[in-house]
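**Student:** So you can see what is in the structure, the chains are spelled out below.
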Amino acid sequence: MTDNDSGLNDLFQKYRAACPEVEPGANFMPGIWQRIESRHSFRFAFQQIARPLMAGSAALVLLLVLLSIVSNEHARLTAPSYVDALIAEHTAEKTYYTEAIRSTPPSGEQMDQR
Amino acid sequence: MFIKSRQDPVLKSRVMLVERETIEKARAGDAAAFNQVVLAYRKRILGTVSRLIGRPEDVEDVAQEVFVRLYYSLDQLRTPEVFEPWLYRLTVNASYDYLRRAKRRSESRMADLSEQQVMMADSLAGGRQEDEERQKSQTREFMDALFRHVSEEDRLLLTLKEVEGLSLKELEKVYGVNENALKVRLFRARQRVLKAYERAVANGSF
Numbered sequence: 001m002t003d004n005d006s007g008l009n010d011l012f013q014k015y016r017a018a019c020p021e022v023e024p025g026a027n028f029m030p031g032i033w034q035r036i037e038s039r040h041s042f043r044f045a046f047q048q049i050a051r052p053l054m055a056g057s058a059a060l061v062l063l064l065v066l067l068s069i070v071s072n073e074h075a076r077l078t079a080p081s082y083v084d085a086l087i088a089e090h091t092a093e094k095t096y097y098t099e100a101i102r103s104t105p106p107s108g109e110q111m112d113q114r
Numbered sequence: 001m002f003i004k005s006r007q008d009p010v011l012k013s014r015v016m017l018v019e020r021e022t023i024e025k026a027r028a029g030d031a032a033a034f035n036q037v038v039l040a041y042r043k044r045i046l047g048t049v050s051r052l053i054g055r056p057e058d059v060e061d062v063a064q065e066v067f068v069r070l071y072y073s074l075d076q077l078r079t080p081e082v083f084e085p086w087l088y089r090l091t092v093n094a095s096y097d098y099l100r101r102a103k104r105r106s107e108s109r110m111a112d113l114s115e116q117q118v119m120m121a122d123s124l125a126g127g128r129q130e131d132e133e134r135q136k137s138q139t140r141e142f143m144d145a146l147f148r149h150v151s152e153e154d155r156l157l158l159t160l161k162e163v164e165g166l167s168l169k170e171l172e173k174v175y176g177v178n179e180n181a182l183k184v185r186l187f188r189a190r191q192r193v194l195k196a197y198e199r200a201v202a203n204g205s206f
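Residue numbers (our numbering), protein chains in the order written: chain A, 1 to 114; chain B, 1 to 206.
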């Protein structure tokens, strides 16, 4: 440890001694309780407002969750299955070809009839 | 009434000023027990706050704030054994909040303060007492000037270690930070203060 190090240590000790001893005033304890009471009343007022707000938002969240469950269930029941989709697609293809044949008969057939 | 904390070897050097049961009762909401805690610790906290903030006129206000915070946070205290580090943590936080607020205020307040100090010094009667008070005032001013070379956080940490005499283990509990991290931070802060001290000694300003 250098001289300056020990000098600084001494200075810290002197500083401790130089700081004035603060005696608590007569109003120290009542002051604490006054602050506690005022914060209590602020907390109480805040709770009075916050509680209905909390209850309202909780109810809203619950309602939204229920609605989303119901709509999901409805969508699941009405949605076509994979097999349904395949059948529907296959039928559409068949119809297309059938109609295509019917609507445009080959020109050779018409010539024979004549 | 005064008991030593036996379960925690860290706090061997420091005595707990209230019994474990009193803290338990205060934690449960017993106002009389809380009053007992305040009565036991108010002087210690006033002293610590005084050394941390360095402005005598606001010490009582900050100390009251510490106890109000204690009242509202006692239910978060895990065990009565960690009560003192907890109280120190609240003290450091309240002092730091005060210093931040005070920093925002203008320099004019500082000028008022020094005027007040001068007036107080002037009003002291007797040559010897006046001399002693002047020396003390010089020491405080010099130390405050040295502390200006570190941040407010480091100033508080350094004060707790070097002036309040808290051990590294105690500081670890107060700050909830790893001891090695604290060591590094303390070393750097002390080095800065030491350099400023060396310069001041070399210049003959102290």
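The set of hints was computed from the structure by calculation and includes no laboratory data.
Treat each hint with caution, since some may be false.
Cut-off 25 Å, straight-line C-alpha distance, at most; resulting in silico cross-link-like pairs (DSS-like, lysine-lysine) [claimed, not checked]:
#  : chain 1 : residue 1 : chain 2 : residue 2
1  : A       : Lys14     : B       : Lys43
2  : B       : Lys183    : A       : Lys14
3  : B       : Lys169    : B       : Lys43
4  : A       : Lys14     : B       : Lys25
5  : B       : Lys195    : B       : Lys43
6  : B       : Lys183    : B       : Lys136
7  : B       : Lys169    : B       : Lys183
8  : B       : Lys169    : B       : Lys136
9  : B       : Lys195    : A       : Lys14
10 : B       : Lys161    : A       : Lys14
**Student:** Hint numbers the structure violates, sorted upward?
**Tutor:** Structure breaks hints 4, 5, 6 and 8.
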